[in-house]
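Protein sequence lines, in the order shown, are assigned to chains W, E and X.
Be aware that the first sequence starts at 0, since it is given in numbering that gives the first Met the number 0, and climbs by one per residue.
Be aware that the second sequence starts at 0, since it is given in numbering that gives the first Met the number 0, and climbs by one per residue.
Be aware that the third sequence starts at 0, since it is given in numbering that gives the first Met the number 0, and climbs by one per residue.
In short, the hints are calculated from the structure, not lab data.
Hints may be right or wrong, so weigh each one.
[As the list claims (entries may be wrong)] Far from chain X by the CB rule (all over 12 Å, computed), these chain E residues:
| # | residue |
| --- | --- |
| 1 | Ser11 |
| 2 | Ala74 |
| 3 | Lys91 |
| 4 | Leu156 |
| 5 | Ile166 |
| 6 | Leu175 |
| 7 | Gly191 |
| 8 | Ser220 |
| 9 | Ile294 |
| 10 | Ala295 |
| 11 | Ser302 |
[To be verified] Okay, the calculated beta carbon distance ranges per label pair:
| # | chain 1 | residue 1 | chain 2 | residue 2 | range |
| --- | --- | --- | --- | --- | --- |
| 12 | X | Ala127 | E | Ser9 | 52 to 60 Å |
| 13 | W | Val121 | X | Ala392 | 40 to 48 Å |
| 14 | X | Thr229 | W | Leu22 | 53 to 61 Å |
| 15 | X | Arg335 | W | Pro120 | 35 to 43 Å |
| 16 | X | Arg381 | W | Val121 | 22 to 30 Å |
| 17 | X | Ser130 | E | Ala248 | 31 to 39 Å |
| 18 | X | Ser410 | W | Pro170 | 41 to 49 Å |
[Unchecked claim] Partial chain W-side listing against chain X, Cβ under 7 Å, derived:
| # | residue |
| --- | --- |
| 19 | Arg143 |
| 20 | Pro223 |
| 21 | Asn234 |
| 22 | Pro235 |
| 23 | Ser236 |
| 24 | Ala237 |
| 25 | Ser241 |
All C-beta atoms in this analysis are idealised placements derived from N, C-alpha and C, irrespective of residue type, glycine included.
Residue-level listing of the chains:
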Amino acid sequence: MVWFKVTPRLEVSRRSILIVTVLAYIVSPLVVLAVLAAAGKNPLVALDALYRGTIGTTAGFAESIVQGTPLMLLALGLAIAYRGKVWNIGAEGQQVFGAIMVTWFVLLFLKDPLPAYVMIPVALLFSLLGGALWAAIPAVMKSRLGINEVITTIMMTYVAVQALNWLVRGPFQDKTIPGSYPESPVFPPQTALPIIVPYTSVTIGIIISVVLCFIGYYILFKTPLGYSIRAVGFNPSAAKTSGISVVRVVNSAMILSGALAGLGGGVYILGVTHSLLPEQASGIGYTAVVVSLLGNLHPLGVIFSSLFFGGLMSGMSSVERALQIPRTLSLLSQGIIIVLILIIQVLARYEIKRA
Amino acid sequence: MMAMVLDAASISELIAAIISLSVPMAFAALGEVISERAGVINLGTEGVMLVGAISAFYISFFFGSDLAGVLLGAAGGALLGLVMAFISISLKQDQILSGLGIYFLGVGLSGFLYEASFGQVGSTIRITGLPQLPIPILSQIPVIGDSIFSQDIIEYLAFVTLILVIIVVGRTTFGLNIRAVGENPSAADTLGVSVTKIRYAAVIIGATLAGIGGAYLALSSHAFQAENITAGRGFIAVAMVYFGKWRPARAFFGTFLFGAAYLLGAFFQVVGSIIPYYFLLMVPYVLTLVVLVGIARGARPPSALGVPYNREGG
Amino acid sequence: MSTDMPNPDAPAIAMHGITKKFPGGVTANDKVDFELRTGEIHGLLGENGAGKTTLMNILYGLYQPDGGTIHVFGQPATFRSPADAIKMGIGMVHQHFKLVSDMTVTENVILGLKSQKGILTDLAPAEARISTLAEQHGLQVDPRSQVWQLAVGQRQRVEILKALYRDAKILILDEPTSVLAPSEVKDFFKSLRGLRESGISIVLITHKLDEVMDVTDRATVLRKGRKVATQPTSSVNQEKLAHMMIDEAIPPVTDKAKTAPQELILRVTNLRVFDDRGIEALKGASFEVRKGEILGIAGVSGNGQRELVEALVGLRKPSSGSIAVTNTDITGKTPRNIIDLGVAYVPENRTEDGSIADFGLDENLILKDFDRAPICGMLASRVPTLLNSKEIAGRAERAISQFGIRATGVSAKAGSLSGGNLQRLVLARELSGSPKLIVVSQPTRGLDVAATEYVRSLLIQQRNRGAAILLVDEDLGELITLSDRIAVMYKGEIVGLLQPQQFSSEEIGLLMTGAKRLTSAA
C-alpha cells in the first residue's frame, strides 16, 4: 500500500488553510449535485432549487438564517471545546436538555406569564444551565477519571432523547387538546423571540449568535481561559508542568460548550417551535460537529460555516420538494461532506509524494 | 416474549433473547478489540453496523437469502473499514475525528439507501429471520438446551468467532504483529513489520465484524427502523472493549450484560410496571456510564492507541 | 547485482559519498565515506549532531540517502526499509530500545520473522535457540520473562540477541553505554570482544573517548556532517580525538565563586515516592540545598531521579516524607503552588514537558503567569481579564535579545526551533523572576558545543546570584564541573553525598552501581 507517502508539512500558512476551506465550501454542494445526477435526477433543476432555497428568494434566505442560527451556537461551543481536544459529541443531548429546562420554566408560568423582557432572558438562562448541567457529568468523568468523553457524551444524548420522549408524553404533555399528542402546550407569546425581519421567522437569535461568536473569538484568543484551553489542547503535559490545572480547563471547556449547546436548543424552541416536541432532537447536535470543523474550529469561521450549512439544509429541502426525493439525502450529504472536509484539509497540511 | 412467569420455559426464552440481542454488539466488540490492539480506535463502529444492517435487510427482502445478506453486510463493513483506515492511517488524521466521519457516513448512507429502496422511514416492512438450528442431543438439556444449543447459525458463528479471535491474537504471528504495532510500532517497524499494513488489516477486519453484527441485528429484529436500529450499540461495543480491558473474551461477554439491559425495556413494557417505559430504555446507556466509572481506574490501553504512526525522517 | 559470491576481501561495509539533507536545510551527512572491515570494532565518533546516528540509520534502512552508494561484503545494496538491511546481515541496537514491554523476550526476538508452524507462532524452538545464543555470547537472559520486568542491562542483551538471532554479521550499536553503569560497561565490552572473535563486525557509535580507546580497533570522526578522519586506535589518544571532534576552542567554564554556606532553601526529609507501576522508586531520600549552591544528582537513569524531580515540582505525590522550600512545606502540593513559591523547573524533555510546539515564542514565555499582571489585565487586582499583547511581545523581544534565541520573530512556533534555541527559550522563561530554587534535569542533552557552554555558564551565573540549584545529570563530566556537592543515587536511595575533594568518576561510578555505599541504609 505504499504507492505514495504522506508527511506533515512543516509550515502551514493561514492562507492555504483559508483557500482549502473555501474549496471545501465549493466542492461539497457540487458533490451532492453529482450524487443526484448519478441517481438520475436533473442536476440543473436541482441547482435552481438549491439557489432559490438558499439565497435566491427572501423565504429561502430567511430559512437559511433560521436553520443556521442554532447551529452557530452549538458549533461555537464545539469549536472552543475541540481546541482543548475535548471531544464533546453530546451537543445534541445538551441542546435537548436545554430545551427541556426552558419548557419546565415556561410551564410554571403558563397561566400567568411575566412580561417578555423577563421571560425571554430567564428562559434563555435556563437553557444555558440545562446544557451546562448535561455536560457536567461527562466533564467530570473525563477530567477526574480519564474516561473517553466521546462515549460518555453520546450516552448522555441517548438518555436526554429518552427523557424528551417521556416528558412530551407524560408530565409536559398538553392535556387540554383532544387525542394524545406527544407535545407540550404552546408557549405563551411572551416567550417568543422577537422577529427582526418582517414576514419571516428570523429572530434576534441570529444577532445573539453572531455577537456570541465575536465574544467567543475574544475568549479563545485574548483571555487567559482561552489561552489555557489552547495550551491544554496542544500539549497537556507541558501545560500541567507549568502550573495549569488541566482538570479545570477540561471542565471549563466541556461545560462552556454544553452551555452554548443548551442555549442553541433554547433559541430553537423559543424562536421556531414554541413548544417542546420530539423534533427537538433533530440531529442538529451532530451536524454542529461538521460545522465546527468546516469553520476550522475558529469562532469567526463558525459564523460562515453555520450559515453555509443552514443554507445547505434549506436548499436541500427545496431540492427535495422540487425533485421528490427523501429527507435522508441531507443525512447522506453530511456524511459525504465531513469525509470530504477531512480529505481536503489534508491538502493544506500534508505533502504527498510518490514513494 | 409472552411468558411472564419465571418457569423453565421462560428462563430459556430469556436466555435466548439475551443472546440474540447481544450478538450484534458482541461481533462489533470483537472487531474493535482487534482494531484497538493494533492501536486504532474506530468510533465509526455505530455507522458500520448501520451499513451492515441495511445491506442485510435489502438482500434479505429482495432476494430472500439471509446468508447473502450477512455477506453483503460484511462487505459493507469492510468497505467502510477501508475508508476509516485510509483517513486515519494513510492520511494520519486524528482517529477520533475520522471515526466520527465514518459514523456520519454510515448513518447517512444507511438511511438514504433504506428510503431509496423502500420509501417511507419507519414503515413496518418485515423480513423473516434466520431459522433455528438445534444441536442434536445437547438441545434436549432443559433450560439451556432450548436456548444456548438451539440458536441460529449466526449466533453460533459469534461464539466460533470469539474462539478464532482469541487464537489469532494470542497464538499467531499476525496476532503478535498486531500486539506489537499497538504497543510499540517503532519496534515493529525496525524489525520489518509494516505498521501500515497490519493496522489496515486490523481496522478492516474489525469493521467487517461490526458489519456482520449489524447484518445480524437487522435479520433478528425482522424490521429496520432506519436511524435507530442500532440505538448506540456500536458505541457501547467500543465501551465494552475498555470494560474488557482489551481482552476478547471479556469484551465479548461484557456485551451480554447490555443485551440484558436492552431486554428490560421490552420485558417490563409487557409486564406493566410503575417505571415509565422510556426510563427503561435509558438503562443500557446509564449502565454504560456506570460501568465506565467502575473500571476507569484499572484500565491500561495499548500504548500506541490513538496515535498515528510517523517514522521520523525521510 | 554484480557477483553472487561475497568477496572475502571486501570490507563488511563500504559507504561512499553519503549525503542526507533534512527539511529545514540541515545537512546531516555531507559526502561521507565510511568503511567497516570484517571482524573489527570500529568507533564512530562525533559530537551531538555530527551525523553519526543519521549515517547508521541510513545503513539500517530507516532513512534514504540523497546521494552516495553502499556496499555490503562487496555487493551493492539499497535499503528501502530495515527489512532489507536485516536480510543482508545488518543488525542495529538503538539508543532508545525498541522493545514491546508487554511481550516476552522470545516474542520480541521473533517479531517480524516467519514461523515454522505457518500462521501459528512457534515459541519453543525459538526459546531454545535464544538460550543457546545467549550462552554462546555471554548475554544471559530468561527468554520467558516479560520485557517490562527486565533491568536496562538485560534489555540491551535482548536487543543484541534480536540481531544475532537473525544471523547478523554486522552489528551497529548506538551509544550503548549511555544506560549502563561503569562496571556494567566492563562486562559489555567483554561481550563485544567475544562477538568480534566469532567474526562479527561492529560499529560503535559513541561520544565517549575513553571507551573508544578501550575497545575499538579503528575510529572514524565526524564533525558537522563531514568525515574528518579515520585512524587506527593505536595511533591516537583522547586528546587527538577530541581535537578532531571539535573545531572551536571551548571557553573554560567561568570560575565558581567560593562562598560560605548560606540560608537553607530546599530541605527534603525521608521522601518516599512510587512510580507508575506501583513500585517504590524513591526510598527515603534526605538532603538539603542551600542558597548559592549546586547540588548534583548522579546516577544511572532509572534509579529514582525522575520520581524525585517530579515530586519536587508537584507532578507526583510522595507517599511519605516531606519537602520544604524556604521553610514552607510543599509536600504533595500542585505545580501551581510550587511555582508560586519561587521554584523553577527545566525539564529533561524540553519538547514534551517544557514547551508547546504549536505555540509561538511569545506564548511559550507566558506559560507560568498568563493569568496575572502584567501579562494579563486585572480587575480590582483579583480578576483576570484580557491578555496584554504589548507586554507579551515586549517580554518575548527581551528574551530573544537577552538569551540569544535564534528565531524568525516573536511569534515563531517553538516547534521550529533547534534544540539549543529551544533550551534557551525554556531557560528564558524559567530563569526570569530570580527563582529561589531551580530544578534542572539533563540540561545539555542533545545540544551542540556552543549551546552547551552557554547553558552551563547560565547555571553558574544563577548559582552566583544566589539560587539553589538541583542538577540531575547523566553527563558525569558536566556534573563534576558544575556541582558544589554531589549526591549519588542507586535503587532509590542516596548512597553517597560527596564533597568536591571526593569528586572522581571512579568513586561516583562505584556508588552508582551499588558496589560501594557511603551512607547507611534507610
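Status of the hints after comparison with the structure:
1. Ser11: holds (38 Å)
2. Ala74: holds (23 Å)
3. Lys91: Non-interface label on Lys91 (chain E) holds, nearest chain X Cβ at 16 Å vs cutoff 12 Å.
4. Leu156: holds (20 Å)
5. Ile166: Given a closest Cβ separation of 8 Å, the condition is violated.
6. Leu175: violated (6 Å)
7. Gly191: violated (3 Å)
8. Ser220: Non-interface label on Ser220 (chain E) holds, nearest chain X Cβ at 36 Å vs cutoff 12 Å.
9. Ile294: holds (17 Å)
10. Ala295: holds (16 Å)
11. Ser302: About 8 Å separates Ser302 (chain E) from the closest Cβ of chain X, which leaves it inside 12 Å; violated.
12. X:Ala127 <-> E:Ser9: 52 to 60 Å: Given about 57 Å between the Cβ atoms, the range holds.
13. W:Val121 <-> X:Ala392: 40 to 48 Å: holds (43 Å)
14. X:Thr229 <-> W:Leu22: 53 to 61 Å: holds (54 Å)
15. X:Arg335 <-> W:Pro120: 35 to 43 Å: holds (36 Å)
16. X:Arg381 <-> W:Val121: 22 to 30 Å: holds (29 Å)
17. X:Ser130 <-> E:Ala248: 31 to 39 Å: Given a distance of about 32 Å, which is inside 31 to 39 Å, the answer is holds.
18. X:Ser410 <-> W:Pro170: 41 to 49 Å: At roughly 55 Å between Cβ atoms, Pro170 (chain W) and Ser410 (chain X) fall outside 41 to 49 Å, so the hint is violated.
19. Arg143: The hint is violated - Arg143 (chain W) has no Cβ within 7 Å of chain X, the shortest such distance being about 15 Å.
20. Pro223: Status holds, d = 4 Å.
21. Asn234: Result: holds, 4 Å to nearest chain X Cβ.
22. Pro235: Violated, because the Cβ-Cβ distance from Pro235 (chain W) to chain X comes to roughly 10 Å (cut-off 7 Å).
23. Ser236: holds (5 Å)
24. Ala237: holds (5 Å)
25. Ser241: holds (4 Å)
Checked against the numbered hints given earlier, the structure breaks hints 5, 6, 7, 11, 18, 19, 22 and satisfies all the rest.
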